[in-house]
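Chemist: As they're listed, the protein sequences go chains S and V. Per the numbering used here, numbering through the first sequence is continuous, rising by one, with the last residue being 429. Per the numbering used here, numbering through the second sequence is continuous, rising by one, with the last residue being 1523.
Treat the hints as calculated values from the structure; they're not laboratory data. Everything numeric in this text was worked out from a predicted model, so none of it was measured. There could be a bad hint or two in this list.
Claimed, not checked - Reference excerpt, derived from the structure (chain V facing chain S, CB under 8 Å, subset only):
no.: 1; residue: Arg1196
no.: 2; residue: Arg1285
no.: 3; residue: Arg1376
no.: 4; residue: Asn1393
no.: 5; residue: Asn1397
no.: 6; residue: Gly1420
no.: 7; residue: Thr1432
no.: 8; residue: Asn1438
no.: 9; residue: Leu1493
no.: 10; residue: Ser1498
no.: 11; residue: Ile1519
no.: 12; residue: Leu1522
Built from N, CA and C at the ideal position, the CB exists for glycine as well.
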Amino acid sequence: MLISTNQNRRRFLRSSIGGAAAIGVGSVLPECFAEAATAGKTMDDRVLVVVQMSGGNDGLNTIVPYADDDYRSARPKLSIPKTDVLKVDDETGLHPSMTGMHNLLQDGLFTVVRSVGYERPNRSHFESMDIWHTCRRKDEPRSDGWLGRFLDRQPATSGGDVPALHLGREQQPMAIASTKIRVPTVKELAEFQLRGDDKQSLRRLLQNRKTDSTEQDNELLRFLQSSTTSAISASERVAEAASTYRSDVKYPQTDLGNKLRVVAQLIDAQLTTRVYYLQHDGFDTHAQQAATHGILLRQWSDAVNALVRDLEAHDHGKRVCVMTFSEFGRRVAENASEGTDHGAAGPMFLCGGCVEAGIVGKRPNLADLQDGDLKHEYDFRQVYATILEDWLGTAPTPILGNSYKSLPLFT
Amino acid sequence: MSDTESMDAAWAWQPFQPSSERPWDRSAAAHLFRRAGFGVDLAGIDSAVKLAPSDVVIGLIAQNQEPSEFRSTADTLAKATLAGGDPKKLSAAWVYRLLNTPNQLIEKATIFWHGHFATGAEKVKDARMMWNQNQLLREHALGNFGELVHKISQDPAMLIYLDSAVNRKAHPNENFARELMELFCLGEGNYSETDVLQLARCFTGWEIKNKRFRKNRYQHDSEVKRVLGQNGNFDGEDGVRIVLEQPAAQRFVVRKLVRFFVSDEPSPTDAMIQPLADLFRENDLQVAPVIQRILTSNAFFSSIAIGRKIKSPVELIIGMLRSLNGTTNTPLVAEGLLNVGQGLFYPPNVKGWDGGRAWINSSTLLGRANLIADVLNDDATLFDGKSLSKYLRERDVRSLDQAINHFEHCLLAIPLDNATRSRLLETATSRSSDQDRQMRSLLHAITSLPICQLT
């Protein structure tokens, strides 16, 4: 049986606010409770899911300029045949494995921003990724990431739901490094649950909010008590999400598919987490690119399609945006081992119920390259600025360090 | 006296004199041991109560170097992990030290300096360099701050971490110079951007070659610089000296020490800091006299300190074990600490751990409870080499009620209220009749309580 989200929310509010009011500590309620109580589909309610394609995605074979003769001549072996692409218009098509994205595009849920990059591109995976994560160059101090700075500017909700979550086994991405908040990396959902065979009684013990005078004059203890209560509620909601979550959408049985299904469950469980961060690795295709790249794109396209469809079905479609990026695109010309080397500008992707669907930006000019690479038309920070301002509802300039012209990416 | 504003700064740092209102008892002694280290067992607490508090502190401070026998065992263990080159294994070797050191204050202070001169293995990637830095911090943990800063400014792990492994005249690297002033010695607002540029020039030519520090005189900018109001043809040592001469230095470091040893919040007032800052400077930036003054003070034994800090993950887990003479699976603890936000050798960034409320969110709270469960369920976890129930029986702890009292004395800064006590009893009684299982369940429950996250 499908449990409606409103029911979930009401039940949750009853258990937490009722309990807190009973002990008269309304003023120290974690922000998320107050927020949840009044939440509509406001800016505060919106979620950003970031999918990082690690290794440098070949953008030219993702959003394919199939009618361009320069494309064919630069890639005698790797170019995607005209007959295979999933056509968008007379000159552009999607890689044939991206049926999921093609469907999203037709339904108005998918946006591509072409030729995104930055000045003086760096072709090191790490350095370039750091630049994307922090918006800063190597010679500048960079202790935090762009999303970390966004989190830092949010009203303090420490003790409540985690403000951002990194799902995966990899090292935590710099993008969510913050000076104030330690964003957790969760390898699997089980980590969000109390473990052990006495967890039921422990949960009851910890959730009991009965208090006495000692607690009243120790603000830190009150903070810990309310944090614990909200942790237990969050974990209950997550557990409930995991056990009662029903979806007609079939997620692909891949690592990314599994992780995105978890994201859908958490969003549906009404967690107040604003940012989910996931990585999809393997795009460093120097040799025998065709097969690998096709698989990776299919995994990504199918998994994100499933997530977006699932969220739509659960009435969260309009409050979630999935952003995908990679640290660079690849060299225009294929190399001698049927692969491509590190390049520069590449496409970014946004999916969700609020995106202005279509393709933003000109067809890349393959006759006007810079050191064999595509020149960028948009700075990646323009996309960030748009997301920050139009999606997350915050002023982008203090976060990005400069003012960037935003793009028409949201409806 | 619920906050530092209303506390008289002179009174605050005067020696604590026990009185009937604020006695030197089990609770006060346990507080001292938790803050000056991670905790000791009840027998240790009881023998300390028989001494004067100041004598106990003097004893702790006097142990300012590891005894050679323990050191050689712990070093051997750590060095054995270096061959593999994985800094994660090094974390477990540090856990061993935390659990077994006879000099807890040194390890506590070493963790303080690790957070202060935060250097992350994720970036340095070299276990041996991380280990060498750790030894440097330990050696100077209770020593001279100035000497430590001079050494850290030539420490390979630090320079790699702050992108200063090659610092050339044509492109001075500002990162280390900036952090030296902002995070290590002075704090924001006590230097200008020009000072950063000029100080960076002093460090040109400093580089890491074959994993060792060296000065490359061809890359050193030997022109005149102007740093913090002084002019001269300075090199890096001069730069560090000039930074350390600033009056902001003593205030900056002392403020951090007070937060670490006394309370997270509210941040101590300038008036509270000044007497200790003066003491620090008078002692030529020796750390031990400041810590000694803190640990013997009225403020330290007052309500602004007791139960007014959130335990770090290390304090929680090592504290539980040390209070019960526990030993355990050290890699499990090392990994668990990383998961709940305090991976040893893996600070979040160059600012180190913020501590306080930043330790806590729904994920880390559940993670804390789970880490304790994992540790208590691990076969390697023993108390004095025995099961928990046997350990307790040998101390005449036979009933659940007595066990609650025992754990309360060792682990809690604030006494349990009756409601929680009876709920704990219910929780543990409802468990199986296996007594060891019951005791572990009780310990797990107590250490997972919000109140046990306080120290």
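Chemist: Run every hint past the structure and note whether it holds.
Modeler: Now the hints, each set against the structure:
no., hint, result
1, Arg1196, "violated, 21 Å"
2, Arg1285, "violated, 23 Å"
3, Arg1376, "holds, 6 Å"
4, Asn1393, "violated, 23 Å"
5, Asn1397, "violated, 16 Å"
6, Gly1420, "violated, 11 Å"
7, Thr1432, "holds, 7 Å"
8, Asn1438, "holds, 4 Å"
9, Leu1493, "violated, 11 Å"
10, Ser1498, "holds, 6 Å"
11, Ile1519, "holds, 6 Å"
12, Leu1522, "holds, 6 Å"
When each numbered hint is compared with the structure, violations occur for hints 1, 2, 4, 5, 6, 9.
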